[in-house]
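*Asks:* Here are the chains, one letter per residue:
There are 2 protein chains.
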Amino acid sequence: MIRVALDAMGGDFAPDVPVQGALEAAAQLGDSCQIILVGRREEIEQALLKHGSRPDAFPIVDAPEVVGMSEKPLAAVRGKPRSSITVGLRLQKEGKADAFISAGNTGAVMAASTLLLGLHPGVDRPAIGALFPTGAKPVLVLDSGANVDCSARELCGFAHIGAVYAKDVLRRPDPAVGLLNIGEEEEKGNAVVKEAHAMLKGSTGFRFVGNVEGRDILSGTVDVVVCDGFVGNVVLKFYESVARLFRRLLEREMDPSVMESPGMAEVFRILDYSEYGGAPLLGIRGVSIICHGSSPARAIKNAIRVAMQAVESHLSQHIGAEFAEGGAVA
Amino acid sequence: MIRVALDAMGGDFAPDVPVQGALEAAAQLGDSCQIILVGRREEIEQALLKHGSRPDAFPIVDAPEVVGMSEKPLAAVRGKPRSSITVGLRLQKEGKADAFISAGNTGAVMAASTLLLGLHPGVDRPAIGALFPTGAKPVLVLDSGANVDCSARELCGFAHIGAVYAKDVLRRPDPAVGLLNIGEEEEKGNAVVKEAHAMLKGSTGFRFVGNVEGRDILSGTVDVVVCDGFVGNVVLKFYESVARLFRRLLEREMDPSVMESPGMAEVFRILDYSEYGGAPLLGIRGVSIICHGSSPARAIKNAIRVAMQAVESHLSQHIGAEFAEGGAVA
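In order, the protein sequences belong to chains X and W.
Residue numbers for the first sequence follow the working numbering, so the first one is 25 and each next one is one higher.
Residue numbers for the second sequence follow the working numbering, so the first one is 25 and each next one is one higher.
With the rest of the complex left out, here is chain X:
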């Protein structure tokens, strides 16, 4: 049985939404998973009651402190040792949980995961992997926000990490990895990307397909897109906003009956990032999954599923092995 510690205080509608997500996951996953709720015991129990559940439906680990969404990450982690984020990750460090999930302050989850669980040797900084809906199988874009200034060596590391994730969690045995750039030609791009391209050409363990452009991200030709966290974060947030714009335009121009049709619901289900349940923090020794602050219960439920896949497939160990073999480091 896989034990997933869930930050019940994280996100814009905590503890309500995390608790609801836990209930949905439990109903779907049954005995294969034990969900541990971390946060203010009383608030969690009230939320469980509100959703028609027994207050002791899940083990609860009390964490009286809460990190706000806009608190400075490092100061919050250091200043609030009894926060749900720190307490939840400490469970994993102490072997009492196999994975951690939070829809709380992204920076704080990242900092606490790095500090408490540590990084695999050879990994300089963790990367956030975001799954982009494409209409067919999703594409993993990393880094999508953890590292704003990246070296060529770090970009190469992301390629290796992403390829392992694609194999283990996305179940793609021969992942194609592209380097995000402004042109397909090898000589295109800024200095760092050009250097990364040269380093990646000799990579083994995945198919490096060379440069990909913004238009290729959603084309389905690659499984993993490598970029620095500045570009990745901008594109990720932009994509979410485009789906909202698209819905607004359709609502303005189309008949309400069209908007309520099953086909339209399916289009927006496909475009909904919450289908993929959060972004894994990759490169750390363990499993830590970051959800959007506005995640609905379904996203939390899906994140629990992704966490289980990551644990079952030994994702973290495989990433560690990839770097230990020296393959990921030039």
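Simulated from the structure, these hints should not be mistaken for laboratory data.
Ideal Cβ placement from N, Cα and C applies to all residues, glycine included.
Heads up, a few of these hints could be off.
[What the hints assert, rightly or not] Residues of chain X placed beyond 10 angstroms of chain W at every Cβ, according to the derived structure:
1. Gly54
2. Arg78
3. Arg309
[Unchecked claim] In silico DSS-like links for lysine-lysine, alpha-carbon gap of 25 angstroms or less:
4. X/Lys96 / X/Lys261
5. W/Lys218 / X/Lys218
6. W/Lys96 / X/Lys225
7. X/Lys161 / X/Lys191
8. X/Lys261 / W/Lys218
Dock chain W against the given chain X, drawing on the hints supplied.
*Replies:* Chain W in isolation, oriented as in the chain X frame:
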């Protein structure tokens, strides 16, 4: 009368599409504009005949050489002095035209524009301004591909250039300018963006609204988004691909009658970049507009309209004045 030199050999379907765009523009703009077609005379005359026009409907300036879409820009400009790009820009340099438009090799147009027309003093490199459809008024994103490694000083220059464009061509008297970043807080971002933020805070001549995120680009809260050409190019190409993905998903899920409805046509008209007719190359002494290689005739027609607005409003002179006053240079 404003004289616009149009590269008849530029783009994926030249000279057919540029010629058709010229005919549509002439029909709409009448005597306010003289379009000069630049390229292989015989091919242009044939295209004119094909579209039911007289072969002498426009003045033609013969240019026997053509720069291919994938040729190296600088080598192409130097090696083909009689290309339609070089000949067309030389007309402007010699005072025989007021503006130049091409759907050809972007890098070659940029290089030739810089070499032949020169830059305003204080401008280090030209920027490409791309208009993004937002559902309401478009937003100008620059740089969208001319400069992959930008200094903070260059980003500040883009802010000033973009503000002048917003006033002159978009007719927004008090433009709001945002700096693209991964968070709203001042301390977010990479080193260059943080430095640019500090420099822009003291700017005059436009409203600097601080950092904007990927999700804010289309929100309508800013008129100009400033970023380096790497991020701008990735987001621009990504946006175009998202619109295509939406269409594919809708076609897959919805009834054909819905797809053929006027409302749906309006949604995709709004999302169609060609509505805005190409991206101006800003910072050069003159008017040079770059269209997408796959531009339809309507985009060429709209680019001619934009070129006229740029000339009429003295855009280039105003950008020059902005830098001459020292306002744009820290």
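*Asks:* Compare the structure with each hint and give your call.
*Replies:* Results for each hint:
The claim that X/Gly54 is not at the interface with chain W holds, since no C-beta of that chain comes within 10 angstroms of its own (minimum 32 angstroms). With a minimum CB-CB distance of about 39 angstroms to chain W, X/Arg78 clears the 10 angstroms threshold, and the non-interface call stands. Residue-level check passed: X/Arg309 sits 26 angstroms from the nearest beta carbon of chain W, beyond 10 angstroms. Of the pairs offered as hints, the one joining X/Lys96 and X/Lys261 holds, with about 21 angstroms between alpha carbons and a cut-off of 25 angstroms not exceeded.
Using a Cα cut-off of 25 angstroms, the hinted pair W/Lys218 and X/Lys218 holds, with the two alpha carbons roughly 24 angstroms apart. A distance of roughly 22 angstroms separates the Cα atoms of W/Lys96 and X/Lys225; the hinted pair therefore holds under the 25 angstroms criterion. For a cut-off of 25 angstroms, the pair hint linking X/Lys161 to X/Lys191 stands: about 13 angstroms separates their Cα positions. Distance check on the hinted pair: X/Lys261 and W/Lys218 sit about 20 angstroms apart at the alpha-carbon level, within 25 angstroms; holds.
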